[in-house]
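Construct all of the structure, not just a fragment, from the sequences and the given hints.
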Amino acid sequence: MKKILKIGAVLAVLGILAAIYVWFFVYNKPHRDYENATADYTLSAEAFYKHYANGSEESKKYLDKVIQVEGVPSSIETTDSTVIVAFAFGSGMFGDEGIRCTLLPNHHSQVKELDHSETISIKGHCTGYNGTDVIMEQCSLITK
Amino acid sequence: MKSIKLTFAIILFLSATTYGQRYITKTGHIWFHSEAPLETIEAHNNQVNAVLDIETGEMVFKVLMKSFIFEKALMQEHFNENYVESDKYPNATFQGKVTNLEAINFTTPGTYNAQVTGKLTIHNQTNNVGATGTFEVKKDVILGMTKFNILIADYNISIPGAVAGKIADEIDIHVDIVLKELKK
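Those protein sequence lines, which keep their order, are chains C and V. Note that this note's numbering numbers the first sequence so that position 127 is 127, with each residue one more than the last. Note that this note's numbering numbers the second sequence so that position 129 is 129, with each residue one more than the last.
The reader is advised that the hints may include incorrect statements.
[To be verified] Restricting the straight-line Cα-Cα distance to at most 16 Å, the calculated cross-link-like pairs of lysine to aspartate or glutamate (EDC-like) are:
(1) V:K183 x C:D96
(2) C:K61 x V:D87
(3) V:K72 x V:E42
(4) V:K180 x V:D53
(5) V:K180 x C:E77
(6) V:K166 x V:E39
(7) V:K180 x C:D96
(8) V:K183 x V:D53
(9) V:K88 x C:D64
(10) C:K60 x V:D87
(11) V:K147 x V:E42
(12) C:K29 x V:E77
(13) V:K88 x C:E57
(14) C:K65 x V:E77
(15) C:K65 x C:D40
(16) C:K29 x V:E71
(17) V:K147 x V:D176
(18) V:K147 x V:E35
(19) V:K72 x C:D33
(20) C:K50 x C:D96
(21) C:K65 x V:D87
(22) V:K119 x V:D154
[Stated by the list, open to error] Here are some chain V residues the structure puts well away from chain C; computed CB gaps all over 10 Å:
(23) F32
(24) H33
(25) E42
(26) E55
(27) N82
(28) Q95
(29) K97
(30) T99
(31) N113
(32) T121
(33) G133
(34) T134
(35) V137
(36) M145
(37) I152
(38) I173
Quick caveat, the hints were computed from the structure, so don't treat them as lab data. Yeah, the Cβ is synthetic: ideal placement off N, Cα and C, and Gly gets one too.
This is the structure in structure tokens:
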């Protein structure tokens, strides 16, 4: 009888631990830390954009990867809640076309102070091409 | 040489006039909301392309699916991999028209009720949708806002039984855009 109770208690504890594990590490697992992730690919902003604009096979390997691009931004756009750094290399129905990077909130103030003519490096999560621009999310400004 | 220049000028002139005056944004905000008994899910996309031709009332939206950010990483993963299959179908699009153009004066500041109908494509499935919303015309910008519902089943997205209590059959979609004139 005692043995059954012991086994039962051990199983109950294991069950609770499994539930806690699932709750924290599966169900509530955190978003990838793009700020501290190492870049999978580092290249110039223009070359990166052209892979997409020309529809080259190479562009496929960038999807969902951490990309670090270097270039001179064309504009820094702010809305109520977001700050976007844009690089322009072409133009079309929606105006300038290039790369658009949404910055992580802790980089907002630093980005707003950028001098437009300087070359910068930005790292983030490449979410693809929408026909006009390559989009990067959760980006951070790399300071040298 | 002169004639080439002239032809070029004519083409430029024609291409400028065939399109009406366009207002655009690339920072449109679209978010959706699913309210099911066991879970409320919300995801935001702040990099939506939208264009409005104020003369013809034509509107086009382009939405990159992977740019929807969810509160929980797992939900974002399921959304992209299992439901909308964003590797295969990266963009959602809407192509439509403002149908009550006569009631809106895009050059006079004010708030106008708008009706928009068109074709919405998500997950490679296209359906006709209609929505009512508002345009708020300001000095330099036009603010557009709407909310409408879609049925997940209409877009060939199947939700497995195990998570059925967590995802609503009907999803609210909110659209919030600040359009600026596209200078030629």
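Structure-based check of all given hints:
At most 16 Å may separate the alpha-carbon atoms for a hinted pair to count; V:K183 and C:D96 meet this at roughly 11 Å. At most 16 Å may separate the alpha-carbon atoms for a hinted pair to count; C:K61 and V:D87 meet this at roughly 12 Å. The suggested pairing of V:K72 with V:E42 holds, with an alpha-carbon distance near 10 Å, which does not exceed 16 Å. Under the criterion of a C-alpha separation no larger than 16 Å, the hint pairing V:K180 with V:D53 is consistent with the structure, at around 11 Å.
A C-alpha spacing of about 13 Å is found between V:K180 and C:E77, which places the hinted pair at or below 16 Å, so the restraint holds. Among the hinted pairs, V:K166 with V:E39 is consistent with the structure: their alpha-carbon atoms are about 5 Å apart, no more than 16 Å. A C-alpha spacing of about 13 Å is found between V:K180 and C:D96, which places the hinted pair at or below 16 Å, so the restraint holds. For the given pair, V:K183 sits about 13 Å from V:D53 by alpha-carbon distance, which is consistent with the 16 Å threshold.
Proximity of V:K88 to C:D64 is assessed by CA-CA distance (about 13 Å); at most 16 Å being required, the pair is judged to hold. At roughly 10 Å between alpha-carbon atoms, C:K60 and V:D87 fall within 16 Å of each other, so this suggested pair holds. A threshold of 16 Å between alpha carbons decides the hint, and for V:K147 with V:E42 the separation of about 14 Å falls inside it, so the pair holds. Proposed proximity of C:K29 and V:E77 is supported: the alpha carbons are some 11 Å apart, at most 16 Å.
Between V:K88 and C:E57, the direct Cα distance comes to roughly 15 Å. Compliance with the 16 Å bound is thereby established for this hinted pair. This hinted pair checks out: C:K65 and V:E77 have alpha carbons roughly 14 Å apart, not beyond 16 Å. With a C-alpha separation of about 6 Å, the suggested pairing of C:K65 with C:D40 holds against the 16 Å cut-off. For the proposed pair C:K29 and V:E71, the alpha carbon gap of about 10 Å is at most 16 Å, so the pair holds.
A distance of roughly 9 Å separates the Cα atoms of V:K147 and V:D176; the hinted pair therefore holds under the 16 Å criterion. A distance of roughly 15 Å separates the Cα atoms of V:K147 and V:E35; the hinted pair therefore holds under the 16 Å criterion. The straight-line distance between the Cα atoms of V:K72 and C:D33 is roughly 13 Å, inside the 16 Å bound, and the hint therefore holds. Only pairs whose Cα atoms come within 16 Å are accepted, and C:K50 paired with C:D96 is accepted, the gap being roughly 14 Å.
With a CA separation close to 13 Å, the supplied pair C:K65 and V:D87 stays within the 16 Å bound. This hinted pair checks out: V:K119 and V:D154 have alpha carbons roughly 13 Å apart, not beyond 16 Å. Non-interface call for V:F32 relative to chain C: holds, since the shortest CB-CB distance, roughly 16 Å, exceeds 10 Å. Every CB of chain C is more than 10 Å from the CB of V:H33 (nearest about 17 Å), matching its label as outside the interface.
Here V:E42 stays apart from chain C, with its beta-carbon at least about 14 Å from theirs, past the 10 Å limit. V:E55, annotated as away from the interface, keeps every beta carbon of chain C farther than 10 Å; the closest lies near 15 Å. Every C-beta of chain C lies more than 10 Å from that of V:N82, the closest at about 15 Å, which supports listing it as non-interface. The non-interface label for V:Q95 is consistent with chain C: the shortest C-beta to C-beta separation is roughly 13 Å, beyond 10 Å.
With a least beta-carbon separation of about 17 Å from chain C, V:K97 lies farther than 10 Å from that chain, consistent with its non-interface assignment. With a least beta-carbon separation of about 22 Å from chain C, V:T99 lies farther than 10 Å from that chain, consistent with its non-interface assignment. With a closest Cβ-Cβ approach of about 23 Å to chain C, V:N113 is found to remain outside the 10 Å limit, as its non-interface label requires. Distance check on V:T121: its Cβ is at least 13 Å (rounded) from any Cβ of chain C, clearing the 10 Å threshold; non-interface status holds.
At the 10 Å boundary, the C-beta of V:G133 stays outside the reach of chain C, the nearest C-beta of that chain being 18 Å off. Every beta carbon of chain C lies more than 10 Å from that of V:T134, the smallest distance being close to 18 Å; the non-interface claim holds. V:V137, annotated as away from the interface, keeps every beta carbon of chain C farther than 10 Å; the closest lies near 19 Å. Non-interface call for V:M145 relative to chain C: holds, since the shortest CB-CB distance, roughly 13 Å, exceeds 10 Å.
Interface exclusion of V:I152 from chain C stands, the closest Cβ pair being 21 Å apart, more than 10 Å. Taking the minimum C-beta to C-beta distance to chain C, about 18 Å, the non-interface status of V:I173 holds against the 10 Å cut.
In summary, the structure agrees with every hint in the numbered list given earlier.
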